Amino acid sequence: MGANPRRRRAAAALVAATALLVTTAACGGGDDAAEDGQITLTVDVFGQFGYEQLYQEYMAANPGVKIVERGTGGNLDEYSPKLTQWLAAGKGAGDIVAIEEGLLVEYKANPDNFVNLLDHGAADLKGNFLEWKWNAGLTADGKHLIGLGTDVGGMAMCYRKDLFAKAGLPTDREAVSKLWPTWQDYIRVGEQFTAKRTGASFLDAATNTFNTILLQTAGNAQGYSYYDTSDNLVVDSNPAVRQAWDTTMDIIDSGLSGKYAAWSEEWVSAFKQSKFATIACPAWMTGVIEGNAGPGAKGKWDIARVPGDGGNWGGSYLAVPKQSKHQAEAIKLATFLTSAQGQIGAFKAKGPLPSSPQALDDPAIVQATNEYFSGAPVGQIFAKGARELKPVYMGPKNQAVRTEVENAVRTVELGQRSPEQGWTDAVTNAKKAAAK
Amino acid sequence: MTVQLDARPPVAPAPGHRRRTPGVRLSRLDTRYSPYLYIAPFFLLFAVFGAYPLVYTFWVSLHDWDLLGSDHPFVGADNYTRLLADADFWHAVVNTLGIFVISTVPQLLAALWLANLLNRRLRFRTGWRMAVLIPNVTSTAAVAIVFGVLFGREFGMVNWLLDLVGLDGVDWKSNRVASWVAISAMVDWRWTGYNALIFLAAMQAIPRDLYESAAIDGANRARQFWSITVPLLKPTIVFCVIISTIGGLQLFTEPRLFHSGTNPIRGGPLRESQTVTMYMFENAFAPHYNFGYGSAVAWLLFALIAVVATVNVLIIRRLGGRMPGGRAAKGDSR
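As given, the protein sequences belong to chains V and W, one line each in that order.
Quick note on numbering: the first sequence equals residues 1 to 436 in the working numbering.
Quick note on numbering: the second sequence equals residues 1 to 334 in the working numbering.
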């Protein structure tokens with residue numbers, strides 16, 4: 001054996017060829033069915049969706065499925081370009097992808113990238129969602145359903161009790177809520193707070209507050225912000241935009257803002273060092289605050305009602321890209337995650353407010369409290385208004401336009417532009433962005 | 001280039017052996033063509049990863065190419081005409097050139113000075129030489145994030161130090177020139193040592209006797225440095241300038257990670273430190289996803305680098321021409 005060199009060479013070649021074949025087969029296999037028939041479903045998310053426990057339940061009930069989540073805790077600004085690249089390349093996206101509402105319109109413009117859930121019997125699920133949430137997942141002609149709703153962003157105002165006490169303001173959430181029925185009242189309270197020189201600002205950044213006021217004002221008026229429902233850019237003609245702008249300018253003018261660029265390192269540091277007393281707080285923001293302020297601030301935060309009336313900021317959808325190799329299984333999992341039970345599970349884990357009316361009525365939600373926020377009855381605070389939420393329509397280039405307007409707010413906040421110059425910039429740059 | 005010239009196949013066998021056996025023919029083919037085969041891997045890789053993307057990017061830049069859209073109508077030079085009239089693009093060009101000048105000029109001068117120091121007799125010479133390279137082996141992302149925190153407006157250490165000596169803090173992220181300086185500081189921190197080592201290697205190739213005869217003629221150290229070292233280093237300086245030009249004009253990671261929060265790709269609320277590559281990224285990807293326009297930015301950047309590199313080389317040559325001992329100028333005429 002092995003004496004004949006020629007035979008040995010032939011044997012080596014055979015081994016090499018076999019190895020190559022095995023490798024090729026393994027490559028081709030990828031995440032496809034393994035030998036025991038188990039498949040892997042990948043779920044792409046950003047931020048905190050609170051699904052870990054639900055995955056465990058689902059995998060226990062479906063032994064053939066393994067679930068992997070990617071992007072947990074990530075930034076939406078980094079996630080969405082990646083998703084777009086995956087879709088453009090026809091490869092790389094998970095079997096289920098999360099889409100934020102402000103970006104949904106852009107993805108709906110090319111619905112063929114996603115499985116039409118209506119072709120898979122999703123029409124029966126309509127009753128599981130608030131009507132507007134369901135409708136926003138549909139294309140304009142109503143024939144293609146891209147995504148199933150996850151959460152909605154009911155609004156509140158989170159505040160630091162210790163800083164309020166230091167400034168001689170009430171700290172009880174009922175009393176605090178009574179301080180600011182309107183945004184003008186909120187500014188007045190801010191001025192009182194600032195006069196006491198606690199070493200902290202009244203709010204984090206004018207851009208977040210601007211967005212909150214805008215979505216609230218727009219929701220209560222025409223139901224659209226930068227684009228009207230026929231997709232015309234109305235940034236300079238929609239009174240809601242100008243009204244939100246003017247209120248924000250009053251806030252900046254009164255020196256209430258700490259000027260911490262939202263979502264920046266400095267913003268996170270400001271949380272940790274207790275550098276501001278209030279922050280506009282959609283339901284999903286509670287998880288962000290807890291993550292940024294850290295365990296040391298537990299019990300120092302509380303939640304009051306938002307000035308003005310209601311409003312909705314954010315909320316997402318789950319979609320199944322057409323490139324998924326396990327579409328049927330992915331749709332099944334997405335249906336489970338967005339069911340009333342799934343939404344309740346997510347709420348308990350990380351706080352995103354359900355978009356399912358059944359979930360919103362469920363005692364698990366209604367009676368929920370949040371220990372981090374001094375035991376605030378988050379279920380009541382957020383869920384109460386959720387059914388009456390007035391949604392705001394988002395146009396095709398909503399994200400790009402919003403970026404321009406918020407940057408204009410920021411330049412005024414930093415003193416780089418006067419309010420009037422800032423407004424001119426906002427309108428000019430928004431038009432330019434919309435045309436790109 | 002010289003390598004290719006030397007690799008010319010050997011002279012053909014003497015005439016007279018007109019009738020060849022297949023073996024001879026094969027070996028003739030071998031000597032004639034195998035050199036090409038040996039250099040082929042580089043050119044194949046370059047074709048796949050260099051030339052093809054270059055040409056494809058140009059092709060894309062002639063279309064209205066929505067990244068997600070299914071049809072991409074041909075628009076000719078439309079993207080280019082729009083881009084040439086785009087104030088934000090020129091703003092980014094000015095930023096890039098500003099950061100390039102602020103970072104590269106002190107960087108190369110400092111590298112030259114460092115190399116000169118390292119070229120002397122020092123204790124722990126190897127240790128010092130290795131030490132200057134350490135910043136270069138740290139990850140760019142880590143450097144950028146740390147510097148981003150150091151240059152923070154309210155919690156940054158730089159402003160804290162300024163405060164200690166009684167100066168007002170600077171808003172490093174939304175003041176145009178300040179942000180250029182901060183980003184240049186990062187670039188210099190990382191690349192000065194690298195350039196110093198290249199200069200050092202070239203310095204060691206300068207014959208000692210030149211210095212000895214200069215010393216006998218009464219030239220002091222400074223005079224020796226400017227009259228011998230610098231002129232003889234010129235080919236190396238040209239190399240470093242070109243490499244720094246390419247790197248400097250494509251600057252992305254440092255300014256991108258210097259900013260955090262929403263839309264860091266803008267490089268500040270008024271695009272204070274948005275470089276051309278960042279502008280390209282902003283257009284080709286989020287939030288515009290206009291691949292055609294982004295590709296046009298990429299091609300104009302390519303043209304810009306070619307122009308700036310040429311100008312740099314001309315300037316360096318002109319400088320060298322005025323210096324005594326400019327004979328090293330032959331070195332870069334290859």
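The hints are simulated quantities; they were obtained by calculation from the structure and are not laboratory data.
This structure is a prediction, so every number in the text was calculated from the model and none was measured.
Check before you lean on any hint, since a few could be wrong.
Unchecked claim - Residues of chain V placed beyond 12 Å of chain W at every Cβ, according to the derived structure:
no., residue
1, Ala109
2, Asp162
3, Ala165
4, Ser269
5, Gly299
6, Ala408
As the list claims (entries may be wrong) - Just a few of them, taken from the derived set where beta-carbon distance is under 10 Å, the chain W residues facing chain V:
no., residue
7, Gly69
8, Ser70
9, Tyr80
10, Leu84
11, Asp86
12, Gly152
13, Asp171
14, Gly218
15, His259
16, Ser260
17, Arg266
18, Pro269
19, Leu270
20, Asn283
21, Phe285
22, Tyr293
Stated by the list, open to error - Each pair of labels, with its calculated beta carbon distance range:
no., chain 1, residue 1, chain 2, residue 2, range
23, W, Gly166, V, Gly296, 51 to 61 Å
24, W, Ile134, V, Gly74, 28 to 38 Å
25, V, Asn135, W, Pro106, 56 to 66 Å
26, V, Ala328, W, Gly169, 15 to 25 Å
27, V, Gln192, W, Pro106, 46 to 56 Å
Every residue, glycine too, gets a C-beta built ideally from N, C-alpha and C.
Tested hints:
1. Ala109: violated, 7 Å
2. Asp162: holds, 20 Å
3. Ala165: Per Cβ check, Ala165(V) is outside 12 Å of chain W; nearest 24 Å; holds.
4. Ser269: violated, 5 Å
5. Gly299: holds, 24 Å
6. Ala408: violated, 8 Å
7. Gly69: Since the shortest Cβ distance to chain V is 6 Å, the answer is holds.
8. Ser70: holds, 7 Å
9. Tyr80: violated, 15 Å
10. Leu84: Constraint on Leu84(W) not satisfied, violated at 15 Å.
11. Asp86: holds, 9 Å
12. Gly152: holds, 5 Å
13. Asp171: The hint holds - Asp171(W) has a Cβ within 10 Å of chain V, the shortest such distance being about 7 Å.
14. Gly218: violated, 57 Å
15. His259: holds, 8 Å
16. Ser260: holds, 4 Å
17. Arg266: holds, 7 Å
18. Pro269: holds, 4 Å
19. Leu270: Status holds, d = 6 Å.
20. Asn283: holds, 7 Å
21. Phe285: With a minimum Cβ separation of about 4 Å from chain V (threshold 10 Å), the hint on Phe285(W) holds.
22. Tyr293: With Cβ-Cβ at 7 Å, under 10 Å, it holds.
23. Gly166(W) x Gly296(V): 51 to 61 Å: 33 Å Cβ-Cβ, so the 51 to 61 Å window is violated.
24. Ile134(W) x Gly74(V): 28 to 38 Å: holds, 31 Å
25. Asn135(V) x Pro106(W): 56 to 66 Å: holds, 59 Å
26. Ala328(V) x Gly169(W): 15 to 25 Å: violated, 59 Å
27. Gln192(V) x Pro106(W): 46 to 56 Å: holds, 50 Å
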